[in-house]
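There are 2 protein chains.
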Amino acid sequence: MNTNIWLYAGLVFGALSILAALATYRNVLQYDPGSARAQEIAGWIRAGASTYLKLLYNTLIAISIILGIILAVVFSGMEKQNHGLMTAAAFAFGALCSALAGWLGMKVAVEANVRTAVACKEGIPQGFNVAFKAGSVMGLAMVGVAVFGMSLLYLIWRDVEIILSFSFGASLLALLAKAGGGIYTKTADIAADLVGKVEVGIPEDDPRNPAVIADNVGDNVGDVAGMGADIFDSYVAAVVASMLLGASFFASGKVGIQYVLLPLLLCVIGIIATFIGLPFVRVGKDDKPGRALNFSTVFTCILFAVLSTIFFVVVNALSGGDPSKSLNWGALISTVAGLLIGVIIGFTTDYFTNDEHSPVRQVAKISGSGTGLTIITGFSYGLISIAPAIVGIVAAMITAYLSSQAFGLPGIYGVGLAAVGMLSLTGSVVSNDAYGPIVDNAKGIAEMSGMSHEVVDRADVLDSAGNTAKAITKGFSISAAALTVLAMFAAYSEVISTYSQKDFMLDLLDPLVLAGVLLGCVVPALFSALLMLSVTKNAFTMIEEIRRQFKAEPGILKGTVLPDYTQCVAIASSGALKALIGPAFLAVVFPLLVGFILGPGALGGFLGGAIFTGVVFALLMSNAGGLWDNGKKYIEAGNFGGSGSEAHKAAVVGDTVGDPFKDTAGPSLNTLITVMSLVSSLFAPLIAKWHIFG
Amino acid sequence: MNTNIWLYAGLVFGALSILAALATYRNVLQYDPGSARAQEIAGWIRAGASTYLKLLYNTLIAISIILGIILAVVFSGMEKQNHGLMTAAAFAFGALCSALAGWLGMKVAVEANVRTAVACKEGIPQGFNVAFKAGSVMGLAMVGVAVFGMSLLYLIWRDVEIILSFSFGASLLALLAKAGGGIYTKTADIAADLVGKVEVGIPEDDPRNPAVIADNVGDNVGDVAGMGADIFDSYVAAVVASMLLGASFFASGKVGIQYVLLPLLLCVIGIIATFIGLPFVRVGKDDKPGRALNFSTVFTCILFAVLSTIFFVVVNALSGGDPSKSLNWGALISTVAGLLIGVIIGFTTDYFTNDEHSPVRQVAKISGSGTGLTIITGFSYGLISIAPAIVGIVAAMITAYLSSQAFGLPGIYGVGLAAVGMLSLTGSVVSNDAYGPIVDNAKGIAEMSGMSHEVVDRADVLDSAGNTAKAITKGFSISAAALTVLAMFAAYSEVISTYSQKDFMLDLLDPLVLAGVLLGCVVPALFSALLMLSVTKNAFTMIEEIRRQFKAEPGILKGTVLPDYTQCVAIASSGALKALIGPAFLAVVFPLLVGFILGPGALGGFLGGAIFTGVVFALLMSNAGGLWDNGKKYIEAGNFGGSGSEAHKAAVVGDTVGDPFKDTAGPSLNTLITVMSLVSSLFAPLIAKWHIFG
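Note that the protein sequences, when read in sequence, are chains A and B. Counting along the first sequence from 1, when you hit position 262 you're at 262 in the working numbering, and nothing is skipped either side. To convert, count from 1 in the second sequence and add 694; that's the working numbering.
Extracted from the complex, chain A is given alone in its bound form:
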């Protein structure tokens, strides 16, 4: 089989996925947008989101242009012709693709929220249908632009290093969108809760709260644009890492050319599995929406495994035993092993964050004895939850390595495929992720526009389902990101070996490597702290503003005067953007400083250190945050005293702490280590030549 066909398949199915996203978008728009009042509220949210997005994208365009010029200049010194311009173009293209997919996801989310609320008047299945369709726009768009973009670039330049630059552009944009969105959403959420619920005692999503629109905008910019990108950057990076490894082993004659493109083709199979799987996601009259979402994950997973196996069988049958055309079975085992272990890790995460199991209940129970114990216990379970996920990551890595090696493929290439396998579900996972904030918004709009209790309750059922699905996909994304950066770590070493023309080792007993690891360990901690301090600082400002409005105009609390929503929206927007400088520096400039000063060994160690603590903190923060959130909800469901009890007050504090843990710092850490790995691999040829020590 000519592997060019694989590239064309990538172009075609990538384009189809984008078209499917656009068609679904148009379909969503045809649902009833509801009463004038509902539309007015949705309009405020839409306007707030647009304002922020415009500001964000202006900033990002500026950053992209500057970085693009730097890339063009720096890489023009390489032997390859026009390498600088090509690198810059691919970077800009990657950033553009990532931005487009995020923008489309947001665009549909702010239209779908009100339509979901209206559809809930008919019933839960109808509401679910609108929200899930809207979510899948983002899922389809993201995998579409990724696969189309990568195929196109490879078809033109036949150089994986150019795709690396594409991946860097996409990931950097995802990082900034996610970090900014994460800060925005939690600033608004915490401020709205602390003054609204705790100080003046009005319910959530009450239109009298001046921060209520900012809070709902936050769900969109943080959870749709931000969280959708959570897994997108890993997706592209996993493919690039595997392609880099494949290209390097092809160059040294260890594997055939087909292994360079296999990762891309596995994505095509993933798109096909998603196409087949999506229409099956439906909620029957008495079904639970949560089950439908999980079914979507598991079903797509099985489809992918079956389709991949068929593909391997067909290719090998057609190859007639020619090793340059056939595919190694070790590659199939590695891919499927990664996929299966990814799903298992996702479900173990559920154990720590689902209120049907002991951790959440323990935290809820101990909340009655004091807020301090709520925090300590939740934090401790968060620490424990690191263990099963890391054991899973190790199991996936070792299985993939050994099974590939057993069949004569380089083991580390198998690890890359395991990451690609785990991420083949990206379309489905992003759809589930984007569903969450849409139903959350729908609930808010239903309440604010005075729809009936029944409608609000239905929207609430859809919302809880989103939370459970989110916990599972989150454990999944972190593991996938970890496996991806491990593959990228190996790819970095291969690039260094190639360009320095000697075997590259990362010996922990070498003091420069060890120094690199220790410095790398610091980055995720610093990064998380910067994001969370921005949240508390901005929330503090917003709290002052809300208190000021209540004081200046007593009519607001009486419900006779509308609060000034734009002030809170402005505070959240400008605060989030200002906060991006430090994190961007840590992700991009710090690795380069380490590399050019302390040398490639130290940079390798640095990446390792960042991966180690990055994964640990990401798991800790995401799971502890989810656990506190559900502990609070478990009490609100009437356990241990219910709403208003001392236990509930303690649990609310736990939830507030968990908010920036799980929605700001935790998910951004995945992207942080991805961006760090990508920038290191991209600059590896330069660092291999020029560095001060090492």
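Once the Cα atoms are required to be at most 30 Å apart in a straight line, the calculated DSSO-like pairs of lysine-lysine come out as:
| # | chain 1 | residue 1 | chain 2 | residue 2 |
| --- | --- | --- | --- | --- |
| 1 | A | K537 | B | K1327 |
| 2 | A | K365 | B | K1272 |
| 3 | B | K1343 | A | K197 |
| 4 | A | K551 | B | K1343 |
| 5 | B | K815 | B | K1327 |
| 6 | B | K1245 | A | K365 |
| 7 | A | K537 | B | K1343 |
| 8 | B | K748 | B | K1231 |
| 9 | B | K948 | A | K502 |
| 10 | A | K633 | A | K197 |
| 11 | A | K633 | B | K1231 |
| 12 | A | K551 | B | K1059 |
| 13 | B | K891 | A | K633 |
| 14 | B | K1196 | A | K502 |
| 15 | A | K365 | B | K1231 |
| 16 | A | K578 | A | K551 |
| 17 | B | K1252 | B | K815 |
| 18 | A | K649 | B | K1231 |
| 19 | A | K365 | A | K197 |
| 20 | A | K254 | B | K1196 |
| 21 | A | K649 | B | K891 |
| 22 | A | K197 | B | K1327 |
| 23 | B | K891 | A | K365 |
| 24 | A | K551 | A | K197 |
| 25 | B | K1327 | A | K649 |
| 26 | B | K948 | B | K774 |
| 27 | A | K558 | A | K649 |
| 28 | A | K197 | B | K1059 |
| 29 | B | K1343 | B | K1252 |
| 30 | B | K1245 | A | K649 |
| 31 | B | K1272 | B | K1245 |
| 32 | A | K325 | A | K254 |
| 33 | B | K1059 | A | K649 |
| 34 | A | K633 | B | K1343 |
| 35 | B | K1196 | B | K774 |
| 36 | B | K1059 | A | K578 |
| 37 | A | K197 | B | K891 |
| 38 | B | K1059 | A | K537 |
| 39 | A | K649 | B | K1343 |
| 40 | B | K1343 | A | K365 |
It should be emphasised that the hints constitute simulated quantities derived from the structure, not laboratory data.
Please build the complex by placing chain B on the supplied structure of chain A, with the hints as guidance.
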């Protein structure tokens, strides 16, 4: 100079240090123990502490016997004659020395507390004098038994591997004493505060609180026996690691025999510096006690640097240029660099935990806007505080490595010496550490026995000074432990190289090494979680018991009936002991499983991973805990609304969360990684021969 003289110097100065401790102990006993009422209260605390210590030591003797037998059997298979018995004997001796020093420290603390309170009637300098003397008993005893024990063992067997077993015994005991004590003290502290202060509104140290005696016992078993051991195990391990490296490089002809014993002799110089420094620690009439404690640290540090330099000059003058007798200047630079950077790190820790700087004030300020923000902000500053300490550790490591290498010594040996240099202050640091709980207890006794306000206030001044000194010594201990385990990490590799007779590498690109690192990263997280969950679980039980007593006997709160103190003491004791099984397994059995199953490379990676996240979590937890504690105190001093305000309530929750962070999990992590490194190095000869993979 004959290096035998160095060993005799070790014996003599070790013995002198022990004698000085005993003499000081007798001297403390001669102070006035106060009124019958004060003595009665002190008697309860003494009895509670004895009960717990008896239980603890019974458990520890049982564990030591079992482990001793295992060691005797396992190591009898080695080529060396009687190696099994010698290993077991050294292990038991190490455990005994560690237990003795801890026991003596406790013994004097429970006598000194009441005497300090009584001395405060005369004035702050008098109270300081008693407490600091009592603290120095522990400091002198610990360095004494360590240096005496190591010198004696080497004099008899001339084999550093036997001293390694001594170090393992000492560290394992320190770990269990510290973890158990840490759980005990925070169980009682949290339970006493949550019911006493928060629920029924009686002040701290009120005799009506059934947990008040358990709380004061906790200060002794947790902070004296536990915290004193915080640095002791690093002290022994740093010497052993350097001796192991020296012996290995001597065997390969890279260094002379004098470098095997140099680390021990540096300890002798440290003892001499402490002897000279201690009498200078005095508080004048208008001096601050905190300044006196810091002066002690800095003065001893300068003395040590001067004495070491003189020693090097004298040895080199006497050697007549004979390289087998002279000392390399690189060794001196490494030692002093370690010492200086240690002190610098200690003072940067102060920045994050002292209320004169921005972090504590920011947390205090934001507390007015909600408890959640207090936790997030404090946690974030804790995350940031990791950075300067790790940069310091890296700087110390690189400086020592390069300066030793520049003078022709193996660089990694220099890293070992830097750790020894940093820890040469151990006598002085442990004295400062033990001072804290003594004055804390003194304050409690003064309040409970109804001494005048003036006396209580003076005791309070002494107490705050203890807190500030503690923050500095804590940053210092973590860095010293980190540098120690890095040296031990290298020592482990040397042992593996020697016994497997090939060059040993820890290549991060080897999947087994990487798997080891990832698994190692999990251990500190799991370990911390187990300790903290034990605290919350036991505190929950104790809270129920306190509530039960208040309900069953209303006379308790009226002050007419004494509560049953023994119940709370029993809950704290048995709870703490039961909680030690999991952590002991993690520290001892888990590394061996990794080593014998996944091989020496994986175990090396495992140690690395545990060191990386261990240091990160230790710094995070200790500093965030200290910061919350002082944030609360800053508000209590009348800022941002003062005691009773909303800000204060939030800060109290922060303090409760910080308690197990800084006094249970954080400080135990140092010892955890020390024990893991020691057990791995000890079993390295066996693991090099027998393992399944790798």
